[in-house]
Amino acid sequence: MGRLKLFIPLIFFAAMAGLFFIVLLDEDYDPQSLPSALIDKPMPVFHLPALLDESRIISVDDLKGEVALLNVWATWCPTCRVEHPYLNQLAKQEGMAIYGINYKDESVAARQWLKKLGNPYRLNIVDADGRLGLDLGVYGAPETYLLDANGVIRFKHVGVVDERIWQEKFKPLVVVLRKNALREAGQ
Amino acid sequence: MNRKFWQIPVSLFLCAVFFAPLSHAVIETYQFDDNAQRKRYQVFIEELRCPKCQNQNLSGSNSPIAEDLRRELHRMILEGQGDQQVVDFMVARYGDFVLYRPPLDKNTALLWGAPAILLFIGVLVVIVFVRGQKSQQQKIALDPLKLDADEQHRLDQILNEYPGK
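Quick mapping for you: the protein sequence lines, in order, are chains G and S.
The opening position of the first sequence corresponds to residue 1 in this note's numbering, with each subsequent residue numbered one higher.
The opening position of the second sequence corresponds to residue 1 in this note's numbering, with each subsequent residue numbered one higher.
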């Protein structure tokens, strides 16, 4: 028993090391990621100009009617460039409604970016001073929100949306939300 | 060369090195109506955590999101909003993460409870340790020369090697 006591620190160390190692192996573990406070809350109210036609004012109602992605992006965000081709593909192949928030960006540069890299967005909201981003709890681009047909936020992903994230996290939710929307429309 | 002459710049340099991490990176200057408002602002930027950073308060972070939150905080304080309104505003957007002292609920129970639990374990360990030592000492005090069979055997050997003494 006396001898065994000497090994308690070692056993404790091994247990902690094992625990940390398991967390490290978890691909989805991101110490920066923050649970969103807005899940199951309605989209915050806003009135902001559209990127491609700044005389047009977009509001919450423009995002309703269909299950949609709301993608926060900017030309200064390198990860957004990585993500962009996949958004193009989602809009084209999956027929996903994608709205953009051009977050704290230069509108001229943003329009050039869309011309050059393609435009997967139905509408783009100009959020030059980041106030809408703040209301949404954005803390770094890219962030992608999933809205149901009533404009309620159902899910949020921080970081690149790629094939794996889409299939694992978004698609199952999108299927359910679309079904719900159909049922509500039928009533 | 005069020794004092180079001591001054060297100690200034060392001070700069050691105190550099303490100087905060905030660059904006905000105007306030009075000192009470300024004080509230200072307290809030110390107490609120930057959502982008792992462990920095709003006063210590240069990240754009921290700048935005400081701007909103300044606006709310000038508008005369109460402490609870400010906290609610931040929590509604970024969750309890922004509070360095989050409210006690089932998510934070471990966080709040851990110090008490660890203290309890520590006290327990100390008690067990001290008791063990005491009983050891008592054993020695009762019978200081009690040797077990091995020790007695070795003692006999040593004594036999030096028969003269």
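Source of the hints: derived by calculation from the structure; they are not laboratory data.
Be a bit skeptical, because a hint or two may be false.
Stated by the list, open to error - In silico DSS-like pairs for lysine-lysine, Cα to Cα no more than 27 Å straight-line:
#	chain 1	residue 1	chain 2	residue 2
1	G	K64	G	K92
2	G	K5	S	K134
3	G	K5	G	K169
4	S	K52	G	K41
5	G	K64	G	K41
6	G	K92	G	K169
7	G	K179	G	K92
8	S	K134	G	K169
9	G	K169	S	K39
10	S	K139	G	K5
11	S	K52	S	K134
12	S	K106	G	K41
13	G	K169	G	K179
14	G	K64	G	K5
15	S	K52	G	K5
16	G	K104	S	K52
17	G	K64	G	K169
18	G	K171	G	K92
19	S	K39	S	K52
20	G	K115	G	K41
21	G	K41	G	K171
22	G	K41	G	K5
23	G	K169	G	K41
24	G	K116	G	K104
Here the structure is a predicted model, which is why all the values come from computation and not from measurement.
Each hint, compared with the structure:
no.: 1; hint: G:K64 to G:K92; result: holds, 20 Å
no.: 2; hint: G:K5 to S:K134; result: holds, 18 Å
no.: 3; hint: G:K5 to G:K169; result: violated, 47 Å
no.: 4; hint: S:K52 to G:K41; result: holds, 22 Å
no.: 5; hint: G:K64 to G:K41; result: holds, 14 Å
no.: 6; hint: G:K92 to G:K169; result: holds, 19 Å
no.: 7; hint: G:K179 to G:K92; result: holds, 21 Å
no.: 8; hint: S:K134 to G:K169; result: violated, 60 Å
no.: 9; hint: G:K169 to S:K39; result: violated, 44 Å
no.: 10; hint: S:K139 to G:K5; result: holds, 21 Å
no.: 11; hint: S:K52 to S:K134; result: violated, 53 Å
no.: 12; hint: S:K106 to G:K41; result: holds, 21 Å
no.: 13; hint: G:K169 to G:K179; result: holds, 17 Å
no.: 14; hint: G:K64 to G:K5; result: violated, 64 Å
no.: 15; hint: S:K52 to G:K5; result: violated, 43 Å
no.: 16; hint: G:K104 to S:K52; result: holds, 16 Å
no.: 17; hint: G:K64 to G:K169; result: holds, 21 Å
no.: 18; hint: G:K171 to G:K92; result: holds, 15 Å
no.: 19; hint: S:K39 to S:K52; result: holds, 25 Å
no.: 20; hint: G:K115 to G:K41; result: violated, 34 Å
no.: 21; hint: G:K41 to G:K171; result: holds, 20 Å
no.: 22; hint: G:K41 to G:K5; result: violated, 53 Å
no.: 23; hint: G:K169 to G:K41; result: holds, 19 Å
no.: 24; hint: G:K116 to G:K104; result: holds, 20 Å
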